[in-house]
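All chains should be built: construct the whole structure from the sequences, respecting the hints.
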Amino acid sequence: GAVVSQHPSRVICKSGTSVKIECRSLDFQATTMFWYRQFPKKSLMLMATSNEGSKATYEQGVEKDKFLINHASLTLSTLTVTSAHPEDSSFYICSAGRTGGDSNQPQHFGDGTRLSIL
Amino acid sequence: AQSVSQHNHHVILSEAASLELGCNYSYGGTVNLFWYVQYPGQHLQLLLKYFSGDPLVKGIKGFEAEFIKSKFSFNLRKPSVQWSDTAEYFCAVNAGAAGNKLTFGGGTRVLVKP
Numbered sequence: 004g005a006v007v008s009q010h011p012s013r014v015i016c017k018s019g020t021s022v023k024i025e026c027r028s029l030d031f032q033a034t035t036m037f038w039y040r041q042f043p044k045k046s047l048m049l050m051a052t053s054n055e056g057s058k059a060t061y062e063q064g065v066e067k068d069k070f071l072i073n074h075a076s077l078t079l080s081t082l083t084v085t086s087a088h089p090e091d092s093s094f095y096i097c098s099a100g101r102t103g104g105d106s107n108q109p110q111h112f113g114d115g116t117r118l119s120i121l
Numbered sequence: 155a156q157s158v159s160q161h162n163h164h165v166i167l168s169e170a171a172s173l174e175l176g177c178n179y180s181y182g183g184t185v186n187l188f189w190y191v192q193y194p195g196q197h198l199q200l201l202l203k204y205f206s207g208d209p210l211v212k213g214i215k216g217f218e219a220e221f222i223k224s225k226f227s228f229n230l231r232k233p234s235v236q237w238s239d240t241a242e243y244f245c246a247v248n249a250g251a252a253g254n255k256l257t258f259g260g261g262t263r264v265l266v267k268p
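The listed protein sequences correspond, in order, to chains A and B. Residue numbering for the first sequence follows the working numbering, beginning at 4 and increasing consecutively. Residue numbering for the second sequence follows the working numbering, beginning at 155 and increasing consecutively.
Calculated directly from the structure, the hints in this document are not laboratory data. Treat the hints with caution; some may be incorrect.
Said to hold, decoys possible - Straight-line Cα separation of at most 20 Å, SDA-like style, residue types lysine to any residue; simulated pairs:
(1) A:K45 - B:G260
(2) B:K255 - A:R101
(3) A:K44 - B:K232
(4) B:K203 - A:R101
(5) A:K45 - B:Y193
(6) B:K215 - B:A241
(7) A:K23 - A:A75
(8) A:K44 - B:G260
(9) B:K255 - A:L49
(10) B:K255 - A:T85
(11) B:K255 - A:S57
(12) B:K223 - B:A249
(13) B:K255 - A:T52
(14) A:K44 - B:Q196
(15) A:K44 - B:S227
(16) A:K45 - B:I166
(17) B:K232 - B:I166
(18) A:K45 - B:K232
(19) B:K255 - A:F31
(20) B:K212 - B:I222
(21) A:K44 - B:G195
(22) A:K45 - B:Q199
(23) B:K255 - B:S206
(24) B:K203 - A:V6
(25) B:K223 - B:S159
(26) B:K223 - B:S180
(27) B:K255 - A:T78
(28) A:K44 - B:I166
(29) B:K255 - A:F94
(30) B:K255 - A:L121
(31) A:K44 - B:K215
(32) B:K255 - A:R13
(33) A:K44 - B:H163
(34) A:K44 - B:P194
(35) A:K44 - B:H164
(36) B:K255 - A:G19
(37) B:K203 - B:N178
(38) A:K44 - B:R263
(39) B:K255 - A:T81
Following this line, the structure appears as C-alpha cells:
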C-alpha cells in the first residue's frame, strides 16, 4: 500500500534554531501534500497545503514566514520551522494523496514529527 | 467554513461491548466522510470512508459507519470491541470544493478494558 515517510520522528533543539521536517511519498507521486499540527489531547489542525512547483497555501492564522514549505518534487515536501520557540513545540504530521487519481482519494499520513523546543 | 464535532472525548468500555462514536459535520454541500484511527504510538490509519452510494459503509476490523444526510452525521459502530481497539478515533470531512484537505473532529479516546 501507499506509504508516506516523515523524517525526523523526533527533534529536540534550542530556542532560535530552525528545524526542517521532510515528508516523502515512497511509492506514489503527490502534487499536493498537507501539513497538520496536533496539540496535546487535541485534534489535527491543517496548517498548509503544499503544492509541487508552486507556493504553499496557508490556513488562516498560520505564519508563512515562520513555517516555510517547499515542495520541489512530486515525492518530497519539506516544512521548516524558522527560529523556533517553545510555543512551536508540537506534533507535526504530513499527508499525501495519489496524483492523477480521483480527488476523493483518501490521504495517507506520515508517522509525525515530535518537535520539542527548549 | 466546514466543521466537525465528535460528541465523546473519552469512552471506556469492556471487551465484547458495543461501540458507537458520534460525528456531526456542518457543511451544506457534497462531502466525503472518513474515520481514521490512531493506535498508541502509531500513525493515523484509514478505517473507512464514504463518498457516495450505500450510506452504510463497512471498513476494516469489523467497523462500520452510517451516513445520515438529514442529520449531517456519520457515526462509527462496532458490535463487539476487543482490547486491541484501544485507540483514538478521528472523524474527518472533505468538502468537494476543498480538494483533498481534511477537517478533523476533536477525536475520541477509546479504552477497552480486558
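So, going through the hints one by one against the coordinates:
{"no.": "1", "hint": "A:K45 - B:G260", "result": "6 Å, holds"}
{"no.": "2", "hint": "B:K255 - A:R101", "result": "13 Å, holds"}
{"no.": "3", "hint": "A:K44 - B:K232", "result": "24 Å, violated"}
{"no.": "4", "hint": "B:K203 - A:R101", "result": "16 Å, holds"}
{"no.": "5", "hint": "A:K45 - B:Y193", "result": "15 Å, holds"}
{"no.": "6", "hint": "B:K215 - B:A241", "result": "13 Å, holds"}
{"no.": "7", "hint": "A:K23 - A:A75", "result": "14 Å, holds"}
{"no.": "8", "hint": "A:K44 - B:G260", "result": "9 Å, holds"}
{"no.": "9", "hint": "B:K255 - A:L49", "result": "8 Å, holds"}
{"no.": "10", "hint": "B:K255 - A:T85", "result": "24 Å, violated"}
{"no.": "11", "hint": "B:K255 - A:S57", "result": "17 Å, holds"}
{"no.": "12", "hint": "B:K223 - B:A249", "result": "14 Å, holds"}
{"no.": "13", "hint": "B:K255 - A:T52", "result": "8 Å, holds"}
{"no.": "14", "hint": "A:K44 - B:Q196", "result": "15 Å, holds"}
{"no.": "15", "hint": "A:K44 - B:S227", "result": "23 Å, violated"}
{"no.": "16", "hint": "A:K45 - B:I166", "result": "18 Å, holds"}
{"no.": "17", "hint": "B:K232 - B:I166", "result": "14 Å, holds"}
{"no.": "18", "hint": "A:K45 - B:K232", "result": "24 Å, violated"}
{"no.": "19", "hint": "B:K255 - A:F31", "result": "18 Å, holds"}
{"no.": "20", "hint": "B:K212 - B:I222", "result": "15 Å, holds"}
{"no.": "21", "hint": "A:K44 - B:G195", "result": "14 Å, holds"}
{"no.": "22", "hint": "A:K45 - B:Q199", "result": "17 Å, holds"}
{"no.": "23", "hint": "B:K255 - B:S206", "result": "18 Å, holds"}
{"no.": "24", "hint": "B:K203 - A:V6", "result": "18 Å, holds"}
{"no.": "25", "hint": "B:K223 - B:S159", "result": "15 Å, holds"}
{"no.": "26", "hint": "B:K223 - B:S180", "result": "11 Å, holds"}
{"no.": "27", "hint": "B:K255 - A:T78", "result": "18 Å, holds"}
{"no.": "28", "hint": "A:K44 - B:I166", "result": "16 Å, holds"}
{"no.": "29", "hint": "B:K255 - A:F94", "result": "18 Å, holds"}
{"no.": "30", "hint": "B:K255 - A:L121", "result": "32 Å, violated"}
{"no.": "31", "hint": "A:K44 - B:K215", "result": "25 Å, violated"}
{"no.": "32", "hint": "B:K255 - A:R13", "result": "25 Å, violated"}
{"no.": "33", "hint": "A:K44 - B:H163", "result": "9 Å, holds"}
{"no.": "34", "hint": "A:K44 - B:P194", "result": "13 Å, holds"}
{"no.": "35", "hint": "A:K44 - B:H164", "result": "11 Å, holds"}
{"no.": "36", "hint": "B:K255 - A:G19", "result": "31 Å, violated"}
{"no.": "37", "hint": "B:K203 - B:N178", "result": "15 Å, holds"}
{"no.": "38", "hint": "A:K44 - B:R263", "result": "9 Å, holds"}
{"no.": "39", "hint": "B:K255 - A:T81", "result": "17 Å, holds"}
Hint compliance for this structure: hints 3, 10, 15, 18, 30, 31, 32, 36 are not met, and every other hint is.
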